[in-house]
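Visitor: So the chains spell out like this:
Protein chains: 2
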Amino acid sequence: MVPAPVFPRLVAIGGAEDKEGERAILREFVRLSGGEGASIVVIPSASETPDVVGELYQRIFQELGAPEVSVLTIAARDDARNEAAMRQVERATGTFFTGGDQLRIMNRLGGTGVDTTLHRRCEEGMVVGGTSAGAAVMSSTMIVEGETKSPRAGAVRTGPGLELLPGVIIDQHFAQRGRIGRLLSVIGLFPHYLGVGIDEDTAIVVQGHRATVIGSGAVTIVDAGGASFNDAVDTPTGACITLCEVTLHSLPHGRSFDLLERKPILDSQ
Amino acid sequence: MVPAPVFPRLVAIGGAEDKEGERAILREFVRLSGGEGASIVVIPSASETPDVVGELYQRIFQELGAPEVSVLTIAARDDARNEAAMRQVERATGTFFTGGDQLRIMNRLGGTGVDTTLHRRCEEGMVVGGTSAGAAVMSSTMIVEGETKSPRAGAVRTGPGLELLPGVIIDQHFAQRGRIGRLLSVIGLFPHYLGVGIDEDTAIVVQGHRATVIGSGAVTIVDAGGASFNDAVDTPTGACITLCEVTLHSLPHGRSFDLLERKPILDSQ
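Chains as they are written, first to last, in UniProt numbering: chain Y, 1 to 269; chain D, 1 to 269.
Think of the hints as simulated: they come from the structure by calculation, not from any bench.
It is possible that some hints are incorrect.
To be verified - Sample of chain D residues with no beta-carbon within 12 Å of chain Y, all distances over it, derived:
| no. | residue |
| --- | --- |
| 1 | ARG23 |
| 2 | ARG157 |
| 3 | ARG179 |
| 4 | ARG182 |
| 5 | GLY217 |
| 6 | ASN230 |
| 7 | ASP231 |
| 8 | LEU248 |
| 9 | ARG255 |
What the hints assert, rightly or not - Taking CB as the label site, the calculated pair distances span:
| no. | chain 1 | residue 1 | chain 2 | residue 2 | range |
| --- | --- | --- | --- | --- | --- |
| 10 | Y | GLN62 | D | LEU266 | 56 to 64 Å |
| 11 | Y | ARG157 | D | LEU266 | 25 to 33 Å |
| 12 | Y | VAL52 | D | SER228 | 41 to 49 Å |
| 13 | Y | ARG157 | D | GLY113 | 37 to 45 Å |
| 14 | Y | GLY21 | D | SER70 | 52 to 60 Å |
| 15 | D | GLY65 | Y | ASP258 | 26 to 34 Å |
| 16 | Y | VAL233 | D | GLY159 | 40 to 48 Å |
| 17 | D | PHE229 | Y | HIS192 | 54 to 62 Å |
A virtual CB, placed ideally from N, CA and C, is assigned to each residue, including glycine.
Use the sequences and the hints to build the structure in full.
Guide: Pasting the structure below:
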């Protein structure tokens, strides 16, 4: 029997979360990380300006009550094999990946000691948060780049992610950038994965296999597992694919979804 | 027993169709209207510059081989009660509504003699084409205005359309303007209607209850008829609605959909 996948505690944010006002999403990340007992490591490796972004989130998490917040700058793979870096993650109750380019995270962290430590700490209950690229990278197969309005073959490049969230492909800035076509292009090729499109200032909080939506937008879940027709594999590059009977859910703040059963949880109607 | 709805012959275009090159969609409209025997009436009532737009389409349809193309300018309701206007539609084998504001079409034509003549001629086999606003207006309940990225209550204004296409709500410029949230907002309220989102330079050709996609983009069909949960009616204005288990189809050029059975027709795989 295949063992049930392990879902760590995650906060995957669709980007552009409130950083000035109530900061409800980042506040929830701090709370889940232990609040007054939180020890948070910010990893700004996705960013072009890691120092600026690292300091920004450090300040916010401190303002939101986390007593210990450090920045872990990983500019090269060697930085992610460094003992001090591993110890930093070892001590953390929460790790946060900022936005930028998800490929930078994978290029610098994938398969390193910090990556391994991160996964082990997740199994022990550490929370991983991430916004935009920092959310995309939680996927097993991750969207690397490529935009397409209509669902088209070959329009979107995918690659390995940090594999924190089994069976899920996350897309971000979802409604704001009109990315349903991009996500459908990808789940056409990977129908065994759930496509999860997260709007800006919106997040899913994953605890066990329950994902709960928080924030001001919606989360769109597309499931091609039961599609009656799907020619994504056979369609020539650049042409539109055909997808029939994909299941779509649109879930706002407070709604939950069972990532394992691939069904909404409607007990809180 | 409720009689089966009558579907006229329609070409509903998502806007921005090719007007310079191969002009495949407009060419198909001319062909369906009778080609060398076509008598086409262009109704540019949706446009802010009806004379310019009317002449543009007149020239294109002539270039595409229609021997008789006239423009019917309806600037006020009286123009649509005019005997000469009714005779113009009476003689037509094809009528074409240009883009602009769909409400202008309804305000000027709805319930007039031209409207009645149009419907009668449709029953006799006349083809109605329309692009953008001219496609939206074919709906029974039509999207009037309002944009929303995430599906939200009260974000989209609807009103009566020309009721040429029973049971369907058309949205246009669909992928290009990221309108899935807007269409979901509407079909949440009207789950008995099919939501049909047509991309730019893309159209559905309706013959009987079969809609066939032509053009360079895709047609997205969303069906909330079987949704397991839908709180669109109860959600306060401005808040995101919840929709669970909506069925979505994405269909490119050559694919067909049965508007009555609400299922794709896959005989042409």
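Visitor: All hints, please: hold or fail.
Guide: The hints, checked one at a time:
| no. | hint | result |
| --- | --- | --- |
| 1 | ARG23 | holds, 19 Å |
| 2 | ARG157 | holds, 19 Å |
| 3 | ARG179 | violated, 8 Å |
| 4 | ARG182 | violated, 10 Å |
| 5 | GLY217 | violated, 5 Å |
| 6 | ASN230 | violated, 10 Å |
| 7 | ASP231 | violated, 8 Å |
| 8 | LEU248 | violated, 4 Å |
| 9 | ARG255 | violated, 6 Å |
| 10 | Y/GLN62 - D/LEU266: 56 to 64 Å | holds, 57 Å |
| 11 | Y/ARG157 - D/LEU266: 25 to 33 Å | holds, 29 Å |
| 12 | Y/VAL52 - D/SER228: 41 to 49 Å | holds, 45 Å |
| 13 | Y/ARG157 - D/GLY113: 37 to 45 Å | violated, 57 Å |
| 14 | Y/GLY21 - D/SER70: 52 to 60 Å | holds, 58 Å |
| 15 | D/GLY65 - Y/ASP258: 26 to 34 Å | violated, 57 Å |
| 16 | Y/VAL233 - D/GLY159: 40 to 48 Å | holds, 43 Å |
| 17 | D/PHE229 - Y/HIS192: 54 to 62 Å | violated, 25 Å |
Hint compliance for this structure: hints 3, 4, 5, 6, 7, 8, 9, 13, 15 and 17 are not met, and every other hint is.
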